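Asker: Below are the chains, spelled out letter by letter.
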Amino acid sequence: MIQKIVFLFLIIVVFQSCNSVKEYEKVAINDPDMKLSARTSERYETAFQVYRESAAGANGGKSGGGCGCN
Amino acid sequence: MKTRIVVLLSLIGFAAFSQEKDTTVVFKKRVLESTEVDFLASYYIQNGSKSAVSGGIGSEKLTDIASNIVVNMPINDDATLTIDLGISAYSSASSSNINPFNSTGASGGGDDDDDDDRISNNKGAASTNGPYGSPWQASSGASKSDQLTAISANYAHSSDSRNFIWNADVSFSNEYDYTSVGFGGGIATLFNEKNTELSLKTNVYLDQWRPIYPTELHEYSIYDSNFLNQGYFSGVTVLDQNGQSTNAYLPSSFKTIASVDRNSYSASVGLSQVVSKNLQLSIFFDVLQQKGLLSTPYHRIYFADKANYYIGQSQYISNYESVSNSGVFKLADDIERLPDSRFKLPIGARLNYYINERFVMRT
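Same order as they appear, the protein sequences are chains A and B.
Reading the first sequence from the start, the letters are residues 1 to 70 in my numbering.
Reading the second sequence from the start, the letters are residues 1001 to 1363 in my numbering.
Hint data in this document are derived by calculation from the structure and do not stem from the laboratory.
Bear in mind that the values here come from a model prediction, so they are computed numbers and not experimental data.
Be aware that one or more of the hints could be misleading.
[To be verified] List of simulated lysine-lysine pairs, DSS-like, C-alpha gap at most 27 Å: (1) Lys1344(B) <-> Lys4(A); (2) Lys4(A) <-> Lys1194(B); (3) Lys1029(B) <-> Lys35(A); (4) Lys35(A) <-> Lys1028(B); (5) Lys1277(B) <-> Lys26(A); (6) Lys1277(B) <-> Lys35(A); (7) Lys4(A) <-> Lys35(A); (8) Lys1306(B) <-> Lys1255(B); (9) Lys22(A) <-> Lys1028(B); (10) Lys1028(B) <-> Lys1194(B); (11) Lys1277(B) <-> Lys1194(B); (12) Lys1194(B) <-> Lys35(A).
[Unchecked claim] Among chain A residues calculated to face chain B with C-beta under 7 Å, some are: (13) Val21; (14) Ala28; (15) Asp33; (16) Tyr44; (17) Phe48.
[Unchecked claim] Covered stretches of chain B, as calculated for chain A (at least 3 residues, CB under 8 Å): (18) 1035-1045; (19) 1267-1276; (20) 1341-1353.
Cβ coordinates follow ideal geometry from the N, Cα and C atoms, glycine included.
Bound conformation, chain B alone (with noise of 0.2 Å):
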């Protein structure tokens, strides 16, 4: 009996060891089925009369067409590879007038950009000598225009839960005057029946300016002190306030910028729920750092303290800050300069209601 039971005890456990593992496959919805492709384009325009190359007087007419490519790609059941790839290219009236003065365009009396005809009359009647530009008016020189390129990439990747993923990011971008490297990468959890989910995202970019100077000061900084008379200036007449010829024109204050870092360090932190089944809403949280050439090279600034100096027609001094202004510029005594650190701390919120089929408030 003892033998019998010993015997079936054993087969018992040889049952047990010889039974497979279940191997039924639980399906996994993919992430992503399919590779999705989206084009996007934009058009944008804006006017005003406060441009910052011109110290806060001037055009600020832009156009600028953008375009992107994004690819969304399924890597395998778990993870999607993002691809964007952006053009933009914009034209200037305000960046233009880095350079006012190129004899080519609006200051030596040729056709300009600028759809504004009551400007191009007058420019009919202006003098020719010399060289003159006006901060109403788009100059023809290379800085009028300009082309960003963007790429950047994104790698996800999901848990089989669905309730954890994790994501690295890079990218890169490039200007005439600016060169950017960034990367980075998240983090997110789903909980409570995936009604709730909390996000935290870092990034680093690593920036390059190649400053472009107002050409007032970048011929100053070649020349030194007796920059009138030599490069751009030499047979130019520079105007004081009353009209009159002068040689008194010397922006000691400027100096050429040395460090041409720009970097940017944020942490993101989001949080959405869902709180009924028409209603969910996200709150964000950012922490930013930059350090580095935070001001923008080609912005002119004009101290109060200081004599005013121009080049042109003496005649459009008095009405200077005017748009009928269309033969003088005024020079710089430097640029802009801000602190090399900056923090900022945004909040954000979203809140979308499902109202009906048709109707979907967001905000």
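In isolation and in its complexed conformation, chain A is listed as follows (with noise of 0.2 Å):
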């Protein structure tokens, strides 16, 4: 648990020596393929998922509960 939080911390660090992109610099950025959350008819895929092998959480949507499954 201790070396999660670590990495996690030393990510947030190392995030930001990235080099800054301007707004006008982000179009490839911003379409719509490149948005980070799973697209939304992904969401029947990710829902079979959960009821076969329980694989809830951490994938930017919903955690836990809401249906009869574990």
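Mind docking these for me? Both chains are given alone in their own frames, and the hints should help you get the complex.
Answerer: So this is what it looks like as structure tokens:
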């Protein structure tokens, strides 16, 4: 647990050193396909994985609960 | 001279007081320009041979059709409201075998919804005396299908600078044996010229089962040790492993579930970073605690140190675990029981790279 927290902290520190991209340079970053979340249509694929593998959480979406599954 | 200076200074003071405030309106782009509506639909099928409803043996054939409508509407320049309504209907060979002995279904010699005609052909030669079932065939009982209805609403508000966003959400879902009420909220802050985003979300789900038990255990819970002579089992022959009639079947380990709540509490932390003009990545870290009834009440359990008992046709007992078994079903010793709490620490990451107009690499 402590190792995970330390790793996360290091990631935050490392990211601060990344070059800052200006808003007018984010044409590619703002492309809808570059969105850092599951596509709306992918929710069904995630749902069956939750039902079968109990793999809920850490996908940027719903975590836990809401269905009669584990 | 002094008088002139004093008058001049006082006029400057009045002039300063009389200046109007700057009423120039700074343009603020709306968070959402107009209402967006998404229509989604899904068709899912699966198959397998490890049905948990039959203790790990049996058909896992399932068909699910789902559809959702997502409406995202602007409330004002800074806020949006998202309504998500979904309906899902499934038909499952596995869940139909909660009661595998329905006389109008596969166990009664009629056709079933299984496309496997080999099983159907075998049923033509089977005996029609008494109820029977098979973990490899779907029963036509009420539990073979169900519908899930779910609705959620999410309100999100952005600051004028668009660097701080907070949101609140509520949700509700219901199916025949399960109801869920959820609520939560989150905040997200952007900095480093919006190249870095840190988000925090929390959710609570207060769920409740309405347990359905396997038929044989349900009957035992009603009639206790004399259940083989009453209710469903009245006049029904129970067989032992050798195919002989017996009265020894007694699932004494089984107790109905007293507490049917299942509550889930989660907190999620997300960090997103624009690395370059074409590359961005994110890391998600969740903390999830679940308490209550975490097992599924209709999953059968068979103990290795207990004798096996069956209902149906004795000639299929020797090949019970084969798909050619079309006429016998093993009676459960108990239902699935899990600890009443679970703690999970899922971690996930995404990385997206823009290659060109035609290709984007997503993870």
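Asker: Within a Cα-Cα threshold of 27 Å, do Lys35(A) and Lys1028(B) meet the stated pairing?
Answerer: holds (23 Å)
Asker: Is the straight-line distance between the alpha-carbon of Lys4(A) and that of Lys35(A) 27 Å or less?
Answerer: Answer holds: Lys4(A) to Lys35(A) is near 25 Å, not above 27 Å.
Asker: Between the segment 1267-1276 of chain B and chain A, are there enough contacts, at least three residues with CB-CB distance under 8 Å, for the coverage claim to hold?
Answerer: Holds, because 9 residues of the segment 1267-1276 of chain B bring their Cβ atoms closer than 8 Å to Cβ atoms of chain A.
Asker: Under the criterion of a CB-CB separation shorter than 7 Å, is Tyr44(A) in contact with chain B as hinted?
Answerer: Status holds, d = 4 Å.
Asker: Please check whether Asp33(A) passes as an interface residue: C-beta within 7 Å of a C-beta belonging to chain B.
Answerer: For Asp33(A), the interface hint holds, since the closest Cβ of chain B sits about 4 Å away, which is under 7 Å.
Asker: Between Lys1277(B) and Lys1194(B), is the straight-line Cα distance small enough, at 27 Å or below?
Answerer: Holds. Lys1277(B) to Lys1194(B) sits at ~13 Å (cutoff 27 Å).
Asker: With a cut-off of 27 Å on the C-alpha distance, tell me whether Lys1344(B) and Lys4(A) pass.
Answerer: holds (14 Å)
Asker: Let's test the interface hint: is any C-beta of chain B closer than 7 Å to that of Phe48(A)?
Answerer: holds (6 Å)
Asker: Holds or violated: are the alpha carbons of Lys1029(B) and Lys35(A) at most 27 Å from each other?
Answerer: At roughly 20 Å apart (the allowed maximum being 27 Å), Lys35(A) and Lys1029(B) satisfy the hint.
Asker: Does the structure keep Lys1277(B) and Lys35(A) at a Cα separation of 27 Å or less?
Answerer: Distance of about 14 Å is within 27 Å: holds.
Asker: Would the hint linking Lys1277(B) and Lys26(A) be met if the CA-CA limit is 27 Å?
Answerer: holds (6 Å)
Asker: Given the hinted pair Lys1306(B) and Lys1255(B), is their Cα-Cα distance within 27 Å?
Answerer: Judged against 27 Å, a Cα distance of about 17 Å means the pair holds.
Violation of the numbered hints given earlier is absent; every hint is satisfied by the structure.
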